Every structure is written in C-alpha cells, then in structure tokens.
Amino acid sequence: MKNYLFINRVQVHNANAMSSPYTIGFPAMTAWLGAVHALQRAVRQQGFAEVLLLKTAVSCHEFNLQAYRGKGDYVTSIIGTANPLDKDGDRPSFIEEARCHLEISLLVEVTGVDGDNKPEFLAIAREQLNKMKMAGGDILSFKGVDLLFVDVNDDKQVKTLMRKLMPGYVLVERRDLMTVSMAEGKDAVQALLDHVKVIHKSNIGDDGSIRWSSRKNEPGWIVPIAVGFQGISEICKARNQRDQNTEHRFAESVVTLGEFKMPYRVQSIDDMMWSYSAEPAQDLYVCKNQ
17 MKNYLFINRV
27 QVHNANAMSS
37 PYTIGFPAMT
47 AWLGAVHALQ
57 RAVRQQGFAE
67 VLLLKTAVSC
77 HEFNLQAYRG
87 KGDYVTSIIG
97 TANPLDKDGD
107 RPSFIEEARC
117 HLEISLLVEV
127 TGVDGDNKPE
137 FLAIAREQLN
147 KMKMAGGDIL
157 SFKGVDLLFV
167 DVNDDKQVKT
177 LMRKLMPGYV
187 LVERRDLMTV
197 SMAEGKDAVQ
207 ALLDHVKVIH
217 KSNIGDDGSI
227 RWSSRKNEPG
237 WIVPIAVGFQ
247 GISEICKARN
257 QRDQNTEHRF
267 AESVVTLGEF
277 KMPYRVQSID
287 DMMWSYSAEP
297 AQDLYVCKNQ
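Counting from 17, one number per residue, gives the positions in the sequence shown under this note's numbering.
Hints in this document: simulated from the structure, not taken from any laboratory. Careful, some of the hints might be misleading.
What the hints assert, rightly or not - Pairs of lysine-lysine, DSS-like flavour, derived with a Cα cap of 25 Å:
1) 213 to 232
2) 253 to 149
3) 180 to 277
4) 134 to 172
5) 159 to 134
6) 87 to 103
7) 159 to 175
8) 304 to 202
9) 18 to 232
10) 18 to 134
11) 134 to 175
All values reported here derive from a predicted model rather than from experimental measurement.
Whole structure, please, built from the sequences with the hints as guidance.
In structure tokens form, the structure reads like this:
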C-alpha cells in the first residue's frame, strides 16, 4: 500500500518553455520536481515535519506554446511580452523568453501522512499551492487536491488511478535509446537528433503518382527533455553568490530523450515516477525515471 498526493488539473500561465539552452517546449523535469520540493518544504514548516514527497509523475492535458509561424514561414517566432514604454515613448530592450500555458496533473508519492491527519494535510497543501509558482508560471487554478491510498499490486486500483490522469500524456525517460546509439559510436548530439528527426520518402507508383511516407527511427512520441545538470567547475564559494552558506559550482544542462505516453500504456505506477538522483563522482545532479 502506498500513499499518493493527487493534484488535479493545475492551470499554469506563462510557464518557462526554455527547458534548456537549446530546447524549447515542455518545461524541464527539474521544474516540476522543484515545485514539489518547494511544496514539501512549505508543508513541513506548517507542522508536518515527517512528510516526504518522494517521487513525482506529470500528466500533461493541454499545452500551448506561445510561438507563431505564419503561412509559408519556415522559422517559428517567439511571442514575447511587451514592456511598458519608456519616457520617450519607445519600447525598452528586453530578452526574449519562451513561454507556454499548460494544464497538468501531478501524482506524488508521499510518506508521513495517514487517515487521521489527512484533512489537515490537504488543507495546508491547498493553501500553499495558492501561493506557489510552477515551472516559473502562475498557478491560475486547480480542480482539487486529494490523498489516495493505493495497493500497487491490485490491478483494479492501479487502473482506477491511471484513469485520473486521463486524458493526457505522462513523460517517461528514454535514455536507453541514447545509450544504444552512443554504443554504436555516435556522439550524444547525433544520437539525440537521429531519434527526433522525421524521415520523409517519396515513391513513384505504376500509374506515375507520387506517394509520400514519413517515419521515425523509433515509434512513439519521442522528444528531447532536460533532466538536470552536470557540474563543470569545482565546488567552492563564489563572490557575490546569493546564499553565502552554500558552496557553489557552475553547471550545464543535461538533455536526453523522453517519451510522452498515454497513462493506460504504462505498465506500473513506478514506471512514470521521477525522483532526484545525485552522483557526485560523475558531477551529475539529475532527475531519473524508474
């Protein structure tokens, strides 16, 4: 038996769609796990010191990237926000930021809560969610917050839980595709692009008609995803750093492959759950899927 915090149909406005320095789209997994970690810290400060939010699954119901491409255009442009006019009536300079509006549901494995303190815990969780941001965006609304007690070995209970995430797509990790391609001698960028690209092919039929077909190297909705960071400097103190009590290091984004799946195609709940994984020996700080 496991306990799950289910946050249903969260509408997020102006979330950060720049998931890494070179990918735009669904917010990085670090953003979602960061929001859950922030919720855990807030709940623990409100009297639930034993509560731990261990793993997180994200189901995306709707996604609207703030970008525009006109008819016949090849390049897609970011729809930016306009800053107020300056004293001369001109637009001040600004940095373009990729934004998105989306609706998601979160399923979070939780410990430290039982039936007795469930109402108080849920009341605090709702209160904190109304004060939070997610993925850099504003939470406009959410349909509800509930605590579910599920026997993960009971297929009927698992299927009932999966239906709560529908209709939507849960994100799972597919670094196995990268591993296979890199074992064949390809570098990481080429391995990623090989599974993202769409190959178009034309054939001329017996009657002279041209038939087009499209395929990808791997079936499924495969996308590049940002899952964490790798350190590129030593751990030390930096001048003018925000937190003077915590050591600092420079890092770069870690990007791998992921796949969006309908929840009913996931074999078990743990297959779609993400958690933190720190590997100091390899300078890796990433989010991993089971």
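How the hints compare with the structure:
no., hint, verdict
1, 213 to 232, "holds, 7 Å"
2, 253 to 149, "violated, 29 Å"
3, 180 to 277, "holds, 15 Å"
4, 134 to 172, "holds, 23 Å"
5, 159 to 134, "holds, 18 Å"
6, 87 to 103, "violated, 36 Å"
7, 159 to 175, "holds, 21 Å"
8, 304 to 202, "holds, 23 Å"
9, 18 to 232, "violated, 38 Å"
10, 18 to 134, "holds, 14 Å"
11, 134 to 175, "holds, 23 Å"
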